[in-house]
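Fit chain H to the known structure of chain R by using the hints.
Same order as they appear, the protein sequences are chains R and H.
Everything in the first sequence is counted per the working numbering, starting at 1 for the first residue and increasing by one.
Everything in the second sequence is counted per the working numbering, starting at 1 for the first residue and increasing by one.
What you were told as hints is all true, and nothing was included just to trick you.
As a list, the in silico DSS-like pairs of lysine-lysine whose alpha-carbon atoms are at most 25 Å apart:
#1 Lys172(R) / Lys97(R)
#2 Lys65(H) / Lys91(R)
#3 Lys100(R) / Lys11(H)
#4 Lys7(H) / Lys172(R)
#5 Lys172(R) / Lys99(R)
#6 Lys7(H) / Lys100(R)
#7 Lys11(H) / Lys97(R)
Which residues of chain R face chain H? A few of them, derived with a C-beta cut under 8 Å, are:
#8 Gly21
#9 Leu22
#10 Leu27
#11 Ile37
#12 Leu49
#13 Leu184
#14 His187
#15 Asp190
No wet-lab data here; the hints were simulated from the structure.
Cβ atoms here follow ideal geometry from the backbone N, Cα and C, with glycine treated the same way.
Chain by chain, the residues:
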Amino acid sequence: MTHDTTEEFIPHIVEPREDTGLYNSKLGIWLFLASEIMLFGSLFSAYILIRVGSFSWPVQSDLQNVPIGAINSIILLSSSIFYIRAYVALKADDIVKYKKFMYLVIAFACLFLCLKGFEYYQHFSNHEYPKTSVFFAIYFLMTGLHALHIIGGVIVNSYYAGPGMYLRAQNKQWFINRVEVAGLYWHFVDLVWIFLFSTLYLL
Amino acid sequence: MEQHQEKDEFKRDLLIYFSIIAMTGLIVFIGQLHLKVLEFFLIVPIACFEAGILAFYFMHLMTKKKTIHLVLLLTVIVFVTLLFWPAWDVAYSPRTPSEFTTY
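Excised from the complex, chain R in its bound form (with noise of 0.2 Å):
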């Protein structure tokens, strides 16, 4: 299908709509982070419930490998950087930059799991499990999910580096907005960890 065809039957996919000034993927990825707010908040304010209403609660930062949190949060936040260098690289047309800070977004993330899967690792060789405590399962079921949303990630911006790139021939402008648009997801996810971090290994 051509781009002429495509804009025919979808309208705004390319060239904003005049009431909302945005097109439609980037109005429907933020509709989407919204939704994103409002599922790792309630998990937030359940957190923040939980501790609140109980006798005792451990001291986190004892129980964490803080030095990998830290780490695993420069390597997230470089991610985001080298995420903002491939989206420059592609307006500016230049493919193998764009690629090579791609895959490198992809390297970061990879490594980013990696290291979370060591922590959990550790854990459960200290028999450190969901079941073991109320915060075990907080912290499991929040940073699980976030490193859920991390391979998410891996997969869309592998697509767009890799296999993907044929949709950069068919339309170049819609192939830009669609790399904004999971640009955005990618920093949202870097911005859960921020919150994820301060509140399950330092407070």
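Then chain H, alone, in the frame of chain R:
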């Protein structure tokens, strides 16, 4: 001209990146001090500020359209309402064994 603007933007993004890393280092340091309640009042605002500047600059919230601000505002209103609804209940629920007996 456009290239120059992109360079400026990249410099700004790098500055934001290193600022967030520095703040992460700061909250880790505060976390190691074991300040108890004070820790909460230091770490949470810094983390919120970190997340705020990330959203503001990396997600370009400062230049986005009003529609996005409206979507986010509605989300925050619903979220805060749902957060404080049970919090009110928790605040008035019994805490000590003697309080439990009166219920």
